[in-house]
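S.K.: Protein chains in written order, with the numbering used here: chain F, 17 to 399; chain Z, 748 to 874.
These aren't lab readings, by the way, just hints derived from the structure by calculation. There could be a bad hint or two in this list.
Derived, one-sided and incomplete: chain F residues facing chain Z with beta-carbon distance under 8 Å [to be verified]:
| id | residue |
| --- | --- |
| 1 | Q136 |
| 2 | T138 |
| 3 | H152 |
| 4 | G153 |
| 5 | M162 |
| 6 | H166 |
| 7 | E169 |
| 8 | S209 |
| 9 | I211 |
| 10 | A213 |
| 11 | D214 |
| 12 | T258 |
| 13 | E263 |
Which residues of chain Z face chain F? A few of them, derived with a C-beta cut under 7 Å, are [claimed, not checked]:
| id | residue |
| --- | --- |
| 14 | Q775 |
| 15 | T790 |
| 16 | T793 |
| 17 | T795 |
Every beta carbon over 10 Å from chain Z, so not counted as near; a handful from chain F, in silico [said to hold, decoys possible]:
| id | residue |
| --- | --- |
| 18 | E38 |
| 19 | A114 |
| 20 | R238 |
| 21 | G326 |
| 22 | E396 |
Each residue gets a CB set at the ideal place from its N, CA and C atoms; glycine is no exception.
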Amino acid sequence: MGVAVIGASMTKFGQRDAWIQELLSQAGEECLDDAGVTPDDVEHLYVSNMASGEFQGQTGVMNALAHDLGVLPAYSERVDQTSSSGGAGIYEAWQSVASGASDMTLLVGGEKMTHKTTGQATDIIASITHPTEYKHGVTLPSFAGMTARHYLERFDAPRESLARVAVKNHRNGVDNPNAQFQKEIDVETALESPIIADPLRLYDFCPITDGSAAMLFTTEERAAEIADEYAVVSGIGGATDTHVVHERDDPTVMGGVVESSEEAYEMAGLGPDDLDVAELHDMFTILEFLQLEGIGVADQGTAWELAMDGETAKDGSLPVNTSGGLKSKGHPLGASGVAQGVEIYEQLVGEAGPRQVEADVGLACNVGGFGNCVITTVMEAAE
Amino acid sequence: MTLAAGSCPNGHVSYPTHPRCPECGEPQDETVDLSDRTAEVVTWTTSTATPPGVREPNTLAIVEFDVSDLDAEDEFVRALGQVTTDDVESGDAVEPVYVEELRDPDVGLKRETQASQDWDGYRWDPV
Ligand SMILES: [Zn+2]
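Chain F extracted, bound-state conformation (with noise of 0.2 Å):
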């Protein structure tokens, strides 16, 4: 059964004085509300979030947040694929529509962190990794650090071509009203920032975030009936990496990214080269180059010349992270794949303001871990 996308929202990313459950329902609300569906409609409700219990003391936020937006007795379950949570949630979501189990499924994806330290939410995110690496007190940043190392070193390119990803990025965010920062930056301003992980600095990380995102699937039948305007899901796959990051054969290839995009694109019955528009998981700005590369837009260690001549930029041959990305948006855990899906499907439906691309076919990319769990979603515009 084929399965669409029928609203969308998120709420204000950033430093958020609201707790879990309010973010929660404030973009619940608002998704419902852009497609003119009640509350009574929805069957099943799924909630990406990876850590509220850690970072809030509260669980059981898929119960909280069915209740507070009168979705009840809706089907609910929380979704926990860290990072990956929310690209998780939309595969909960497609897979609770294409096979008939629900007519009507809201996805909401939240986090709330910025409460926390940074050491203690960077503490929060590296207790993902195996004991071995723990009690060394590897962290997500220091896997980032050895990586953009050893790709700089074995592929020759220019130390510039990572800051520019995080220029491009937030020029992106400009325009993004929800996204934490819309400011510019200078590559020079990128290359002289703070060292967190050599040869790392503060641009290449995303911040920390409060915030929340949601979106309304149903049948390709019904969203005829009753959406001015839908995208459809047309290919979706996940897949698992190793847990222990340097257990994989090349630390240049993130496999998952690889197996869930060859997935997506069969389903889809498309390509690389179809794609007019991509959301990548910039949580570190290499991660923009493993991911083109992984997804086939690129060869292995060329795809630095994609950020240095701006082929990725909004106007260059494939826009990436027209929202700003993780980088400017923010990155809200559980929330981070529903936005990157909110993006497409604004880009698809022409509701992306001065974002907006041409774009008939949207690809996201979400990553959990350092690469551990990966899915990759192809949205296309409705005929």
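Following the hints, complete the assembly by docking chain Z with the ligand onto the known chain F.
M.R.: Here is chain Z with the ligand on its own, set in the frame of chain F:
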């Protein structure tokens, strides 16, 4: 204390050990102690934003041990660990040195569950 890698009947070697070989799914039935071998630095970073209980800065490296003498299928096995110094380059030779406590388990997320894992281990010391 050993730096134990696991190996399976098909000669695949991994660090750390797993109940089943990640490569072929057979049970890992033997271990190889890497602690008296030297390794080569594949890549490294110096992290300046470290979590509670972790030294700052924290220089980490992924290193590669040559295990071709074992007559196994895999000729190399990689491991991740702290480096004894901040002065390291890719390609450097290092040897493991034992450290009783790599980070302070009394602070941070696992302070109440610190018995769930051990906290000693090996740092890489440039030869
Ligand atoms: Zn094996």
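S.K.: Compare the structure with each hint and give your call.
M.R.: Hint check:
| no. | hint | result |
| --- | --- | --- |
| 1 | Q136 | 7 Å, holds |
| 2 | T138 | 5 Å, holds |
| 3 | H152 | 5 Å, holds |
| 4 | G153 | 3 Å, holds |
| 5 | M162 | 5 Å, holds |
| 6 | H166 | 4 Å, holds |
| 7 | E169 | 6 Å, holds |
| 8 | S209 | 12 Å, violated |
| 9 | I211 | 6 Å, holds |
| 10 | A213 | 5 Å, holds |
| 11 | D214 | 4 Å, holds |
| 12 | T258 | 6 Å, holds |
| 13 | E263 | 6 Å, holds |
| 14 | Q775 | 13 Å, violated |
| 15 | T790 | 4 Å, holds |
| 16 | T793 | 4 Å, holds |
| 17 | T795 | 6 Å, holds |
| 18 | E38 | 25 Å, holds |
| 19 | A114 | 30 Å, holds |
| 20 | R238 | 43 Å, holds |
| 21 | G326 | 28 Å, holds |
| 22 | E396 | 36 Å, holds |
Against the hints set out earlier in the document, violations occur for numbers 8 and 14.
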